[in-house]
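Protein sequences appear in the order of chains U and X.
If you count the first sequence from 1, position 9 lands on 9 in this note's numbering, and the numbers rise without skipping.
If you count the second sequence from 1, position 65 lands on 65 in this note's numbering, and the numbers rise without skipping.
Hint data in this document are derived by calculation from the structure and do not stem from the laboratory.
All figures in this text were calculated on a predicted structure; none of them were measured in a lab.
Careful, some of the hints might be misleading.
Claimed, not checked - Under the rule of at most 27 Å between Cα atoms (straight-line distance), these lysine-lysine pairs were calculated in the DSS-like manner:
| hint | chain 1 | residue 1 | chain 2 | residue 2 |
| --- | --- | --- | --- | --- |
| 1 | U | K21 | X | K44 |
| 2 | U | K6 | X | K44 |
| 3 | U | K22 | X | K44 |
| 4 | X | K44 | U | K3 |
| 5 | U | K77 | X | K34 |
| 6 | U | K55 | X | K34 |
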Amino acid sequence: MNKIKKFVSNLLKDYFSEDDKKELIAILTTSLEEKVEDLVEAGTPVDEAIEKSIKEFGSTSDVLDAFSPKDSEYQKKMIRERKHGFLYSILGYFLIIGLALFFNLQFIAFFQHIYWFIVVAIGTLFWPGTMFFRYRIAKK
Amino acid sequence: MINSDIIRGNIDAIILKLLMEKDRYGYELANEIKSRTNDRFQIKEATLYSAVTRLESRELISSYVGEKSHGGQRRYYRITTFGKAYFAELMKDFCELREIMKAILGSDYHE
Numbered sequence: 001m002n003k004i005k006k007f008v009s010n011l012l013k014d015y016f017s018e019d020d021k022k023e024l025i026a027i028l029t030t031s032l033e034e035k036v037e038d039l040v041e042a043g044t045p046v047d048e049a050i051e052k053s054i055k056e057f058g059s060t061s062d063v064l065d066a067f068s069p070k071d072s073e074y075q076k077k078m079i080r081e082r083k084h085g086f087l088y089s090i091l092g093y094f095l096i097i098g099l100a101l102f103f104n105l106q107f108i109a110f111f112q113h114i115y116w117f118i119v120v121a122i123g124t125l126f127w128p129g130t131m132f133f134r135y136r137i138a139k140k
Numbered sequence: 001m002i003n004s005d006i007i008r009g010n011i012d013a014i015i016l017k018l019l020m021e022k023d024r025y026g027y028e029l030a031n032e033i034k035s036r037t038n039d040r041f042q043i044k045e046a047t048l049y050s051a052v053t054r055l056e057s058r059e060l061i062s063s064y065v066g067e068k069s070h071g072g073q074r075r076y077y078r079i080t081t082f083g084k085a086y087f088a089e090l091m092k093d094f095c096e097l098r099e100i101m102k103a104i105l106g107s108d109y110h111e
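Full structure from sequences and hints, please.
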């Protein structure tokens, strides 16, 4: 059955991210192995069943057929939306920091010369941080 | 044999329909399509299994490892609630497309 896994791995070697590839290889290999088992149960010799399964399976482009074009469109849209979300979060972050800085410095005597805006700046970093992380995931 | 673009455009609906009936494993889906269409709807298993993976990643179907009748294990797929809703949407689109084609093609259209 290593022959099947090798065949599937070779088929996908130049495509997909590492995580997606690993998952796809596992699923395609399982499905092919199930076919081999069915053929063997029906009386086909193991080697012949493996050969037949591999021969009938299809090519790399048949795999890619299942993912295009609707999915790539959906993915592009998601990447675009997340990029906009990330840029918006950067803008929002600087607006919040700007306001905090303004109030902090404007009323510095009232706040007993404590530069609390730094806490706000660090605390709100989670927002662009999260949005960047989501954007990276979508791109991947 | 039917055009491969048409096959690709409808593969989601076919997989979801077969899983609405009962949980099935990958090769069982391929066999079922083959036998129901008398080989007229030929789809490469590479495309079929990849489409199954894609549907699972979109949470339209889920999978579990089940026992075979005489030992061994198989990865079975089942349709999720999202999958059923998506299938209903696809059917709505399909009916609408059929009406549109009927209106445009007129007498050349055969049910």
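Hints and how they fare:
The straight-line distance between the Cα atoms of K21 (chain U) and K44 (chain X) is roughly 19 Å, inside the 27 Å bound, and the hint therefore holds. Under the criterion of a C-alpha separation no larger than 27 Å, the hint pairing K6 (chain U) with K44 (chain X) is consistent with the structure, at around 19 Å. Taking the CA atoms of K22 (chain U) and K44 (chain X), the gap is near 21 Å; set against the 27 Å cutoff, the hint holds. Under the criterion of a C-alpha separation no larger than 27 Å, the hint pairing K44 (chain X) with K3 (chain U) is consistent with the structure, at around 19 Å.
Simply put, K77 (chain U) and K34 (chain X) have alpha-carbon atoms about 35 Å apart, too far for the 27 Å limit, and the pair is violated. Taken as a hint, the K55 (chain U) and K34 (chain X) pair is honoured in the structure, with Cα atoms around 17 Å apart against an allowance of 27 Å.
Of the numbered hints stated above, the single one contradicted by the structure is hint 5.
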